[in-house]
Amino acid sequence: MTKAKKRVSTQVSPLIAVCSLTKTFHVGDAEVRALRGVSFTVREGEFVAITGRSGSGKSTLLYQLGALDHPTSGEVIIDGVDITRISGKRRTAFRLDKLGYVFQDYALLPELTATENVMVPLMMQGVSTDGARRKSAEALQRVGLGDRLLNRPSQLSGGQQQRVAIARAIAHEPKILFADEPTANLDSETSETILDLFIELNRFGQTILMVTHEKEYASITGRVIMLADGEMVSDKSPKRVQSRV
Amino acid sequence: MRTLSEWSSRMAIVLRLASFLAYRQVRRGSLWTNLLITSVMALTFLNLIFIGGILVGLIESASTANRTLYTGDVLISATQTRPYIEDSPSAIALVRSLPWVEALSARYTGIADVEAGYRSKTNYTDIPNETNALLTGINPMDEDAVSGLRSRVIAGSYLDPQDSEAILMGADKLYQYSPIDTPGLRTLKDVAIGDRVRIKVGPHVKEFTVKGIVKGKVQEIDSRIFMLDTSLRELLGRADKSVNEIAINTFTDEGAVFTKEALVRSGLSERARVQTWVDAQPKFIRDIKDTFALLGNIVGTIGLIVSSITIFIVIFINAVTRRKYIGILRGIGVDASVIELSYVMQALFYATVGTVVGALVLFCIIKPWIDVHPINFPFSDGVLSVTAVGTSLRGALLIVASLIAGYVPARMIVKQNTLDAILGR
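These protein sequences, in sequence, are chains A and B. Each residue of the first sequence is one higher than the last, beginning at 30 in our numbering. Each residue of the second sequence is one higher than the last, beginning at 15 in our numbering.
Hints were generated in silico from the structure; no laboratory data involved. Backbone N, C-alpha and C fix where the C-beta goes; we use that ideal spot for every residue, glycine too. Be aware that a few hints might be false.
Here are the computed lysine-lysine pairs in the DSSO-like style, where the Cα-Cα straight-line distance is at most 30 Å [what the hints assert, rightly or not]: (1) B/Lys338 - A/Lys164; (2) B/Lys429 - A/Lys204; (3) A/Lys204 - A/Lys244.
Footprint (simulated), chain B over chain A, 3 or more residues, beta carbon under 8 Å [unchecked claim]: (4) 108-122; (5) 142-150.
Which chain B residues stay away from chain A? Per the calculated CB distances, all over 10 Å, these [what the hints assert, rightly or not]: (6) Ser53; (7) Glu129; (8) Asp254; (9) Asp293; (10) Ser322; (11) Asn390; (12) Pro392.
Model the full structure from these sequences, guided by the hints.
What follows is the structure, encoded as structure tokens:
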């Protein structure tokens, strides 16, 4: 067992434990090392921003943590499960049970209404259609879209679509909410609304990991992990957090 | 290891969510895309049915014409060892007494040489304008009741009971309708309605007037010469009333079988050949029917393969254009089986709607139209032979092929890396 692993095992059950995580891409003959031995832990209820310049590896890190991609080496232990060692089918089930995602471009299904988009993961969890509809409506009301339940994505603004995506990510009550540049396609006013929503969710105990390249937006979180060239260069609590919240 | 109840509840979730997604994707998808896919399916289904149906219909039409115009439902004919049906009057009386018999026509036959243009011939060394033919003596009313021969007169008019010196020429015996002139198969040239022809049977020679020309696309009709039975008996010098063929129509299809069985039981089959219309079909028709059915199946199989590929391409393009959304579904934790099943359900929907639309077009438009306007082939009037069973079978095959062709591309896309699908890489 490596030193890093020993260190992780001695901590008091972090929700996320990342140990010596590396990810290498092959582009033609060239080898691109997107992550170079990243290690950190996240406790339940934390709101963490992962930031850095373009190409620093922050999105790549989020994909490894979110069980959307396989790292080249290292471990990602979430809620006691090493997700790098489980099969594809179990990873899908794990994502459904434990994780929620908010993508940069909202990633809503265009044929489904706001309610129906939110219903999908709930129905996959075995919630009845009526139950899923009710829970979806609750989640949409929680993000301020109680009057847009039957609208399809094309009938909603960017900010509203992102709020539907957030409602979909939280409706099934995941342990962790991952957000990949959730404000990248939004104007500053709408972005602040979305960030306020994240803060509100975090206040009720939701663990959130958010990738952003905007320092200002990162500063509203409780903790900022900065990456540069695939390495973790800092892990701090910003000063402005308390004043914002 | 999952228990049965866990498995069944899992299946219920998969089915419910797959149908939820499939229904919405079809219902809220592009109307034009849905119309295009359904049209492709309908045309594919028609392609599956049409070529085979025409091939089989071509021969069925020839077979039906042979039944209608020549054999009737039951045909009694002379055996190969006897020149005619012995004791014909009692055989005819027996047939008339059977409850299934609707009508009968007793026919006398004899081989003859027929010559035309002999009056205008100036040089005796010229090759005579002649042919040979099977003369058939009929009662015009009885024959029309059995075969509807009157309706097959394409020039001139039908025989009346008083036309003792008139004949109906089969079209195959006239050059203008059958332009063949080889030493073994000669036809008469320049013969028109009202012309006189000379018929020679052994030492007997008599002139007749061509009253009409018949064409039924049945060799037994088109290559014969019809005259009154009394005229033929006189020409043949036959004093007895022994006929060569008795064509019988029955009220029902089953009646044909019952009639044959009754005639065989009576002992008639010992002195004559008793056949239903099926037995009496020429061997070449049966052979061609089998061959065309085989060809129809081959064409159908190729059609099915082409259909499957078409459906595969349609579903594949549909799945590829939705690759990002498939990735998103996988990303938010939707099981691959749900996505695959939703695509299979969509394929099932398109195939079912396409098949139903194709069947409606087939049975409500194409078949009725071809029945009224048969395709004019040289040896039959081509109709479309389709049965409910055959159509259902092909429809079912198309649907099964669609399910497979819908599943495979969905599986291929679902199997791809989830992140690559989401990011469009």
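Evaluation of the provided hints:
1. Among the hinted pairs, B/Lys338 with A/Lys164 is consistent with the structure: their alpha-carbon atoms are about 26 Å apart, no more than 30 Å.
2. The straight-line distance between the Cα atoms of B/Lys429 and A/Lys204 is roughly 27 Å, inside the 30 Å bound, and the hint therefore holds.
3. This hinted pair checks out: A/Lys204 and A/Lys244 have alpha carbons roughly 26 Å apart, not beyond 30 Å.
4. Here the stretch 108-122 of chain A counts 3 residues with a CB under 8 Å from a CB of chain B, which clears the bar of 3, and the coverage holds.
5. For the stretch 142-150 of chain A, the stated coverage by chain B holds: 4 residues have a C-beta nearer than 8 Å to a C-beta of that chain, and at least 3 were required.
6. With a least CB separation of 21 Å from chain A, B/Ser53 remains clear of the 10 Å interface cut-off, as annotated.
7. Look at B/Glu129: its CB is around 82 Å from the nearest CB on chain A, clear of 10 Å, so calling it non-interface holds up.
8. Annotated as non-interface, B/Asp254 keeps its C-beta farther than 10 Å from every C-beta of chain A; the closest such distance is 86 Å.
9. Distance check for B/Asp293 against chain A: the nearest CB is about 62 Å away, which clears 10 Å, and the non-interface claim stands.
10. Distance check on B/Ser322: its Cβ is at least 26 Å (rounded) from any Cβ of chain A, clearing the 10 Å threshold; non-interface status holds.
11. Chain A leaves B/Asn390 outside its interface by the beta-carbon criterion, the shortest separation being 51 Å against a cut-off of 10 Å.
12. Distance check on B/Pro392: its Cβ is at least 55 Å (rounded) from any Cβ of chain A, clearing the 10 Å threshold; non-interface status holds.
In summary, the structure agrees with every hint in the numbered list given earlier.
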